[in-house]
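A.B. asks: Residues per chain, in single letters:
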Amino acid sequence: MRELLGAVRARVPSRGQLTGPLLVGVFAAVPLIPFFTDSWLRVFFLVGLYVVLGLGLNIVVGFAGLLDLGYVAFFATGAYLLGILTSPQSPIDLHLGFWYVLPLALVLGALVGLLLGLPVLPLRGDYLAIVTLGFGEIIRILLVNMRDITNGSQGLAAIEKPPVPGWQEIDEPWQWYYFVLLLAVVVAFISARLRDARIGRAWEAIREDEDVAAAMGINTVKYKLLAFATGAAIGSVGGVLFASFIGFINPTSFTLQVSINVLAVVIIGGMGSTWGVVLGAFILIGVPELLQFRETADALERIGWLRGIVNAPFAAIDAVAPFDVWQVPEASEWGRLVADKRFILYGALLVAVMVLRPTGIFPSRRRKLEFEHPLPAETAEALAAGGGGGSS
Amino acid sequence: MFLASTGFWIDQLVNGLTVGSMYALIALGYTMVYGVLKMINFAHGEVFMLGSYAGFGVLVALGGEEISGPMVAVAILLAMLAAALASSGASVVLERVAYRPLRNAPRLAPLISAIGASIFLQFLVLDVTSAKASFYPRLFPSGGLEFGEVRVTYLQLFLLLSSILMMLFLYTVVQRTAMGRAIRAVAENRTNAALMGVDVDRAIVTVFVLGAAMAGVAGVLWGLFFLQIRGSMGFLPGIKAFTAAVLGGIGSIPGAMVGGYFLGLTETIGREALSAIPGVDLPNEWRDVIAFSLLVLVLLFRPTGIFGELVGRRA
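Protein chains in written order, with our numbering: chain A, 1 to 392; chain B, 1 to 315.
Rather than coming from a laboratory, the hints here were simulated on the basis of the structure.
Among the hints, a few may not be true.
To be verified - Calculated cross-link-like contacts (lysine to any residue; reagent style SDA-like; alpha-carbon spacing at most 20 Å):
| id | chain 1 | residue 1 | chain 2 | residue 2 |
| --- | --- | --- | --- | --- |
| 1 | A | K341 | B | A131 |
| 2 | A | K341 | B | V128 |
| 3 | A | K161 | A | L106 |
| 4 | B | K38 | B | G180 |
| 5 | B | K38 | A | V355 |
| 6 | A | K161 | A | P173 |
| 7 | B | K132 | A | T252 |
| 8 | A | K222 | A | E208 |
| 9 | A | K161 | A | F179 |
| 10 | A | K222 | B | F301 |
| 11 | B | K132 | A | L106 |
| 12 | B | K132 | A | D211 |
| 13 | B | K132 | A | V355 |
| 14 | B | K132 | A | T255 |
| 15 | B | K38 | A | P122 |
| 16 | A | K341 | B | F235 |
| 17 | A | K222 | B | L300 |
| 18 | B | K132 | A | L337 |
| 19 | A | K161 | A | Y178 |
| 20 | A | K161 | A | G97 |
| 21 | B | K132 | A | A339 |
| 22 | B | K38 | A | D211 |
Please build the complete structure, drawing on both the sequences and the hints.
C.D. replies: Right, here's the structure in full:
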């Protein structure tokens with residue numbers, strides 16, 4: 001009888017397991033609300049895209065603890081693969097459909113990741129950071145200069161939209177929104193399964209202490225490469241989506257800023273946590289876009305009286321000072337100003353998060369435990385009594 | 001074309017050494033910080049950029065293009081001093097705010113903090129300057145010394161000499177003073193140094209100050225040589241100087257100097273040599289590609305650097 005009850009209980013999902021599907025359901029309902037116009041949905045698509053990219057980088061940084069500062073390289077790989085294979089301006093006369101390119105981009109992304117990771121991953125993690133940072137910049141130079149393949153700084157236009165068999169092309173913002181939502185759910189699912197599998201535990205061990213992991217028989221180079229390649233493949237798929245959505249790419253879309261965006265989403269949101277990435281993408285990518293909306297400016301206009309109060313001291317100084325004193329800008333400008341300065345904010349936030357709250361705003365449960373309770377008290381005592389010698 | 005003129009290649013040699021001397025100055029900061037903290041100070045390129053702007057400010061305040069005669073020497077010295085001070089100041093704040101609280105944190109934390117500080121400084125300056133470039137005044141007479149076919153401009157001469165002087169100064173400080181001994185002790189083993197009565201915090205701050213001063217002076221030299229400066233200027237020289245530090249064996253001070261010159265030579269001559277192949281024409285940007293490929297190659301085949309001084313695999 002008890003066994004039966006246990007089996008029944010196992011079938012009923014716990015509250016924690018329901019949050020995921022429930023929230024996805026809420027996200028799926030978003031386009032049905034008339035308030036969210038096309039421009040909103042475009043922003044939400046962008047947020048979704050960064051969720052996908054963030055989840056990809058999260059595998060590298062959050063799971064395996066490898067700092068990749070050139071994620072844009074893989075993003076560009078996918079975007080340019082689609083551009084080169086479907087744009088009429090492509091110097092290479094070879095046409096492939098969107099659905100063929102997608103799996104190709106996955107493979108190519110992983111290969112580029114392997115190629116870049118092979119020389120560096122056997123070394124200390126710091127080297128990976130600087131090599132990826134450099135490669136993120138080099139890729140842009142290569143894109144500009146390899147005109148025979150990439151069409152140089154003129155870029156590639158009229159990139160193919162994904163055709164749905166028996167229907168039409170994915171073109172409307174709401175269709176793109178659902179596409180990216182589906183992809184994000186798939187990536188989140190895969191990444192959660194990887195995390196809980198043997199490979200995920202190996203990554204975690206490497207992240208916590210590479211020497212100990214190696215001593216436990218984990219082939220650290222192999223697992224680091226796997227993490228790096230998986231992240232790269234996801235970044236590349238994100239690039240395909242981006243290129244198709246925008247329809248036109250040139251090297252200026254693939255700068256350091258993209259890498260910073262994704263890194264900030266992962267780290268400020270909460271390393272290792274899926275919902276952290278979602279929240280991070282919304283706050284860091286979505287909000288700055290929304291701040292630039294006409295509606296936001298109008299809404300801010302309504303609190304224009306606030307400017308008078310904030311500006312009062314400046315105006316007072318200005319009245320007596322012989323020189324011009326800086327004045328608080330019009331309220332309707334505030335949104336745009338914050339959006340303009342977002343990278344300054346990201347930089348400061350990265351430092352602040354590391355110093356004050358290294359688990360991120362929305363940390364994964366396991367990571368939080370690691371930080372707050374490094375070891376159960378009795379284990380620590382036993383270790384201390386055992387006097388395991390040698391500090392590091 | 002390939003063998004057309006030896007003079008051309010010697011010109012490139014001088015060019016390479018000139019750029020290399022600036023890489024070397026910046027690389028010293030990376031290598032010293034790495035030596036004591038085992039961490040890449042990603043914001044070092046931005047420290048260099050701040051120095052360049054400080055020197056620019058002084059030169060403009062003293063009259064910009066109007067400066068002439070012996071005032072040029074005074075102005076440049078003052079600019080270098082201001083740059084060294086500004087860079088050191090910024091570096092001390094960085095160390096205090098972004099690095100010191102994380103000294104015993106998991107190794108990813110200080111790296112992320114450093115890249116955050118780098119992003120913050122870069123975009124702050126870009127924002128203040130509206131992402132526009134500023135232009136150093138042309139202060140050097142355009143002439144130079146002629147050696148047969150080869151001409152070395154006064155500016156190049158000045159760059160080479162002043163960078164060598166700076167490095168000699170640093171080397172003396174580290175090798176001959178009590179503080180230098182403390183720094184070397186901390187680099188060797190922080191705990192033991194502390195037990196021997198070395199003020200570890202002070203030694204680490206000194207390392208940041210010395211490295212930043214070198215970078216600040218390099219910033220002024222960079223401005224004098226390339227004339228154009230901007231908020232994002234620290235990024236590539238930063239990566240390259242790090243490459244130079246790795247080339248020479250990270251943690252080693254003479255290594256960083258040699259690595260800097262070597263990198264400057266390789267990227268300059270490498271691009272010209274590749275361009276000399278018929279049918280190949282590489283724009284200037286390919287120097288960056290060459291420098292970067294060199295970094296990857298060194299990491300692949302000799303991660304301990306040319307001198308093989310310190311641990312490359314793990315520290």
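A.B. asks: Evaluate each hint against the coordinates.
C.D. replies: To see whether the hints hold, each was checked on the structure:
1. For the hint linking K341 of chain A to A131 of chain B, the alpha-carbon distance of about 12 Å falls within 20 Å, and the restraint holds.
2. Straight-line distance between C-alpha atoms of K341 of chain A and V128 of chain B comes to about 10 Å, which keeps the hinted pair within the 20 Å bound.
3. Between K161 of chain A and L106 of chain A the CA atoms are separated by roughly 18 Å; this keeps the pair inside 20 Å, and the hint holds.
4. Restraint check for K38 of chain B and G180 of chain B: the C-alpha separation of about 18 Å stays at or below 20 Å, so the hint holds.
5. Distance hint between K38 of chain B and V355 of chain A is fulfilled; the C-alpha atoms sit about 18 Å from each other, no more than 20 Å.
6. For the given pair, K161 of chain A sits about 12 Å from P173 of chain A by alpha-carbon distance, which is consistent with the 20 Å threshold.
7. Restraint check for K132 of chain B and T252 of chain A: the C-alpha separation of about 17 Å stays at or below 20 Å, so the hint holds.
8. The straight-line distance between the Cα atoms of K222 of chain A and E208 of chain A is roughly 16 Å, inside the 20 Å bound, and the hint therefore holds.
9. Between K161 of chain A and F179 of chain A the CA atoms are separated by roughly 12 Å; this keeps the pair inside 20 Å, and the hint holds.
10. Among the hinted pairs, K222 of chain A with F301 of chain B is consistent with the structure: their alpha-carbon atoms are about 19 Å apart, no more than 20 Å.
11. Straight-line distance between C-alpha atoms of K132 of chain B and L106 of chain A comes to about 39 Å, which puts the hinted pair past the 20 Å bound.
12. Annotation: proposed proximity of K132 of chain B to D211 of chain A is violated, straight-line Cα distance about 47 Å (limit 20 Å).
13. Pair hint K132 of chain B plus V355 of chain A does not hold up; C-alpha atoms about 32 Å apart against a cutoff of 20 Å.
14. With a C-alpha separation of about 18 Å, the suggested pair K132 of chain B and T255 of chain A falls inside the 20 Å cut-off, and the hint holds.
15. Annotation: proposed proximity of K38 of chain B to P122 of chain A holds, straight-line Cα distance about 17 Å (limit 20 Å).
16. The hinted pair formed by K341 of chain A and F235 of chain B meets the criterion: a straight-line CA distance of about 19 Å does not exceed 20 Å.
17. For the given pair, K222 of chain A sits about 16 Å from L300 of chain B by alpha-carbon distance, which is consistent with the 20 Å threshold.
18. This hinted pair checks out: K132 of chain B and L337 of chain A have alpha carbons roughly 18 Å apart, not beyond 20 Å.
19. Restraint check for K161 of chain A and Y178 of chain A: satisfied, since their Cα atoms lie roughly 14 Å apart, inside the 20 Å limit.
20. Straight-line distance between C-alpha atoms of K161 of chain A and G97 of chain A comes to about 9 Å, which keeps the hinted pair within the 20 Å bound.
21. As the CA atoms of K132 of chain B and A339 of chain A are separated by approximately 19 Å, the hinted pair is consistent with the 20 Å bound.
22. As the CA atoms of K38 of chain B and D211 of chain A are separated by approximately 17 Å, the hinted pair is consistent with the 20 Å bound.
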